[in-house]
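Participant: Note that the protein sequences, when read in sequence, are chains A and B.
If you're matching positions, the first sequence starts at 1 in this note's numbering and goes up one per residue.
If you're matching positions, the second sequence starts at 1 in this note's numbering and goes up one per residue.
A few of these clues could be false.
Same chains, same names: a pair is fine if it fits in one copy or spans any two.
[Claimed, not checked] Computed list of lysine-lysine pairs in DSS-like fashion (alpha-carbon distance at most 25 Å, straight line):
| # | residue 1 | residue 2 |
| --- | --- | --- |
| 1 | K331 | K25 |
| 2 | K233 | K93 |
| 3 | K237 | K316 |
| 4 | K25 | K237 |
| 5 | K40 | K331 |
| 6 | K205 | K40 |
| 7 | K25 | K142 |
Quick caveat, the hints were computed from the structure, so don't treat them as lab data.
There are 2 protein chains.
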Amino acid sequence: MRRLVNDPYNVVEEMLEGFVLAHSKYVTLLDHDGRVVVSKTAPVKDKVGVIIGGGSGHEPLFLGYVGPGFADAAVIGNINTSPSPEPCYNSVKAVDTGKGCLFLYGNYAGDVMNFDMAVEMAEADGIRVETVLVTDDVFSSKTFSSRRGVAGDFFVFKAAAAKADTGASLDEVKAAAIHANNHTRSMGVALSSATLPAIGGPIFKMEDGDMEIGMGIHGEPGVERGKLEAADKVVEKIMPYILNDLPFWKGDEVNVLVNGLGGLPLMDLHIVYRRVAQILAQHEITVHASFVGNYATSMDMVGMSITLIKLDEELKLLLDAPCATPYCIIK
Amino acid sequence: MRRLVNDPYNVVEEMLEGFVLAHSKYVTLLDHDGRVVVSKTAPVKDKVGVIIGGGSGHEPLFLGYVGPGFADAAVIGNINTSPSPEPCYNSVKAVDTGKGCLFLYGNYAGDVMNFDMAVEMAEADGIRVETVLVTDDVFSSKTFSSRRGVAGDFFVFKAAAAKADTGASLDEVKAAAIHANNHTRSMGVALSSATLPAIGGPIFKMEDGDMEIGMGIHGEPGVERGKLEAADKVVEKIMPYILNDLPFWKGDEVNVLVNGLGGLPLMDLHIVYRRVAQILAQHEITVHASFVGNYATSMDMVGMSITLIKLDEELKLLLDAPCATPYCIIK
């Protein structure tokens, strides 16, 4: 195993301890719940509380996007495991100021179950909590609402958070999140499994020199497993799935995220970006802003995903709005 | 090989093409020299030109730190290879506005030779260029000035760039860089080699489950190779080398960088940061600001380094000063 950890059953607690020490300018842990990372600026008066979360192992997602202009709190589960209902509920109590809260997370069964229980707990306390699931992973289902959430989380969370910052109502923030999600599509490729500290090795087996297009960030099966091909060929295989799904048309304006899954060098991500940009130019689709790096990982998994979000004037304003978090600063 | 590239002999050109497409808000390539990444704001009138550079494969170093508040240009060599004298010289012509330029790079023989030739070429043109070598890698030599430069580049470059932004003279900017370098110490650990596209595999052999403390970012030998230990133990072995070398004392104030070499998850880097912070607290050394992530990599090498810079009032101001580059934004 090529990981640098202590007790493999304590990695999440130790990571969180290190995280709030390193980024104490932005975030802290709830005193009474060590699985809730809250912004130092939360709660913000007269603002809808924006809460994100999910399993660990996808850093900087989720905890890296907590701070002014982005999420008010992130709820952190064990590796690839939903947080329990209790911390989800505690996050609501920590950030609500009477305008209600929005739960935003990728669509996974465990997360849905636990966050939904927290919604009920909050309602019993008279706090209204709405939920928007991110469902950007094109290959994971033919039905849009059944798809998994992957790196598109980044755009959807950011748009909703910026909307909340305008003083919008919970219904308006929820609508902005749904709108952003409807406009977002992702697909990726994996060249390896992630390494799970508790088993001291890979989560699933993948030969060196193989790749799987469309694989999920937890190793969910993709569209094809085969021999690794050149970066350009891989991008050429992925892009039609993304472009045809929404679809994205000539004349559209998009933001692009070329997201590293953890173990792929920034060099390769830029080689991928080059081909993505060429294909978008061929389709006469304009790029407004680009993000290249490890935004939503699967620990040390070697691979990447491509995300496009189709912009309109409001989405552009929301995604361009300033934010200051440990792993995303927009001036 | 688990890399996503096209022609392995064309990775640097394709990366650069992707890089300036993705980050066109900040940087461009020189029209007449595709190995020079220049800030869109350069040249800046009445400011010393700050030029960084070195071999590729360490991204986001060097090209990720070009932009207002940081470097005016970065000169890019092949993987683990110095840039040629010509692009170094071309970078000077592109950013000099009569106040001269400062070359800043990690201390490696090839870089010294080629950047020094560019200094002579510039002098023949009547442009004064000074050089400061970063020598932060504690284990690489007993003689401070003979040491290699590693992730400490980040702090030294930033301090010098911020000094140049104050309108300081070339001698003053050079003095600030030397001062920052004198106060900076790093040491790391590697758990694997990087993968070199041109050979289709690792640069050197390292068994899964081994580690080498003090190894250089190109695989230069370290202080000991042995079986991988717990993260805390590794940090406890590294920290005394760093603390005793400057030395750092009780009452000192520092900035900390826990730098990923490419393939180590952000989770592990925060587990490392946790122990670093504990040790600093035991020594009554105060942390002013912390940076955790892939700042100076060796492509997909699994490993990390720890860098401390001892602060005084001026260094604090310089390192806190705002900057806006593709891979470092400080508000």
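Participant: For which of the previously enumerated hints does the structure constitute a violation, in increasing order of number?
Facilitator: Numbers 2, 3, 4, 6 and 7, in rising order.
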